[in-house]
Amino acid sequence: MSWTLYGRTLKSRFLLGTAGYPSPDVLRQAVHASGAQVLTVGLKRTLAAAGDNGFVAAIRETLTASGGHLLPNTAGCRTAREAVTLAQMARELYDTTWIKLEVVGDEYTLQPDPWELVSAAEMLVKDGFDVFPYCTDDLVTCRRLLDAGCQVLMPWGAPIGSGQGLLNPFALRTLRERLPGVPLIVDAGIGAPSHAAQAMELGFDGVLLNSAVAQAGDPVCMAAAFGQAIAAGRLGYEAGVMAKQDMAVASTPVGGRPFLIS
Amino acid sequence: MSEFTLNQQPQPWREGLSVAALLAEQGRAADAVATALNGAFVPRGRRETTLIQPGDELTLIQPITGG
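Top line first, the protein sequences correspond to chains Y and S.
Heads up: the first sequence begins at 1 in this note's numbering, then just goes up one per residue.
Heads up: the second sequence begins at 1 in this note's numbering, then just goes up one per residue.
Treat the hints with caution; some may be incorrect.
Restraint ranges, calculated between C-beta atoms of paired labels, are given here [claimed, not checked]: (1) T174/Y x Q53/S: 44 to 54 Å; (2) E15/S x H32/Y: 46 to 56 Å; (3) P10/S x L235/Y: 55 to 65 Å.
Facing chain Y, according to a computed beta carbon distance under 8 Å, are these residues of chain S, among others [what the hints assert, rightly or not]: (4) N7; (5) V33; (6) A34; (7) A36; (8) G39; (9) A40; (10) F41; (11) P43; (12) R44; (13) L60; (14) I61; (15) P63; (16) I64; (17) T65; (18) G66; (19) G67.
By construction, these hints were calculated from the structure, which means they are not laboratory data.
Since the structure is predicted, the reported quantities are computational estimates derived from the model, not experimental observations.
Note that CB positions come from ideal geometry on N, CA and C, so glycine has one too.
The following block holds chain Y by itself, in its conformation from the complex (with noise of 0.2 Å):
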């Protein structure tokens, strides 16, 4: 059930946001409940040297018992000089080459910009980071980022915290296809553990998510319920789900009709 991202081996295939917890606590034990060894991470402009109410220690002390990574990611950029920056600025202050990469080109649905990302993918990946680009479904634009040196991809399921889970089932299905071998993470839009299944069953390598765990009536279970839907979703992708017929098919073997009642 292992694999890889960046040289790095992780059981769990669920990476997790960290925002909007009701409390340090809570987030502490929604990761503990997820298993998940991934945690994304932002960062802010700051005037005042105001503390955080302790998220952040929260994330560090729960990643040095897990042993887990920390994604930090630029979000609110638009354009990939600003990405590049802020990507530099993260990398000094978490001590990681990993980053996610977010350059928006639509303030409405928060849609990525795909040129600005390729650009700032190529200048990232030069600059010797590891690029988790968030990007839309769309495959020609997958195939640049892995041509800019992307070894992962982490299309959207549906718009950021919608959670209406995965709008396009036959582009993801395409580029899991078309892309075979390279490691996809279903990133936004996921709102139910059914949704992170289904991405699961796809032969999406993981998934990524934040709000539905967050904003959760109890975000600690919710994070227990997505663990064990994405660990579901995968055994059922390597199981290998049945084929889909348009008629029933008996699944009790008979010989003929048993009684003959006239």
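Based on these hints, arrange chain S on the given structure of chain Y.
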């Protein structure tokens, strides 16, 4: 009076002010923030020698939670 901006807030400028000196004046631990000047990253090792000029835009970034 000449000014520069710190995260978009105007600040009085003085000659010889380095990024490192400004952080010290602000009471910011060196490893608690990352810095960029006019949109370009300034690594910790170059803060002492990077002098702020009038009209410069200095950005301080700190870790937060994220998705």
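Hint-by-hint comparison with the structure:
Between T174/Y and Q53/S, the C-beta spacing of about 52 Å keeps the proposed range 44 to 54 Å intact. Checked against the hint of 46 to 56 Å, the C-beta distance between E15/S and H32/Y comes to roughly 53 Å, which is consistent with it. Between P10/S and L235/Y the beta carbons are some 58 Å apart, a value that agrees with the proposed interval 55 to 65 Å. Hint status for N7/S relative to chain Y: holds, with the closest Cβ pair at about 5 Å, below 8 Å.
For V33/S, the shortest C-beta to C-beta distance to chain Y is roughly 7 Å, which falls under 8 Å, so the interface hint holds. Restraint check, A34/S versus chain Y: the minimum CB separation of about 3 Å is within 8 Å; hint holds. Given the 8 Å rule on beta carbons, the hint for A36/S holds: about 5 Å separates it from the nearest Cβ of chain Y. Interface restraint check: G39/S against chain Y, minimum CB-CB distance 6 Å, threshold 8 Å, status holds.
Hint status for A40/S: holds, given a least beta-carbon distance of 6 Å to chain Y, under 8 Å. Interface restraint check: F41/S against chain Y, minimum CB-CB distance 4 Å, threshold 8 Å, status holds. Satisfaction of the interface hint for P43/S is found here, the shortest Cβ-Cβ separation to chain Y being roughly 6 Å, below the 8 Å cut-off. Interface restraint check: R44/S against chain Y, minimum CB-CB distance 6 Å, threshold 8 Å, status holds.
A distance limit of 8 Å between C-beta atoms decides the matter here; for L60/S the minimum to chain Y is near 5 Å, and the interface restraint holds. Because the beta carbon of I61/S sits about 5 Å from the nearest beta carbon in chain Y, less than 8 Å, this interface hint is met. A least Cβ separation of about 5 Å between P63/S and chain Y falls short of the 8 Å threshold, and the interface hint therefore holds. Checking I64/S against chain Y by beta carbon gives a least distance of about 5 Å; that is within 8 Å, so the hint holds.
Hint on T65/S holds. Least Cβ distance to chain Y is approximately 4 Å, under the 8 Å limit. At a threshold of 8 Å, the smallest CB-CB gap from G66/S to chain Y is about 2 Å, leaving the interface hint in force. Annotation: G67/S was flagged as interfacial toward chain Y, and the flag holds, the nearest CB pair being 3 Å apart, inside 8 Å.
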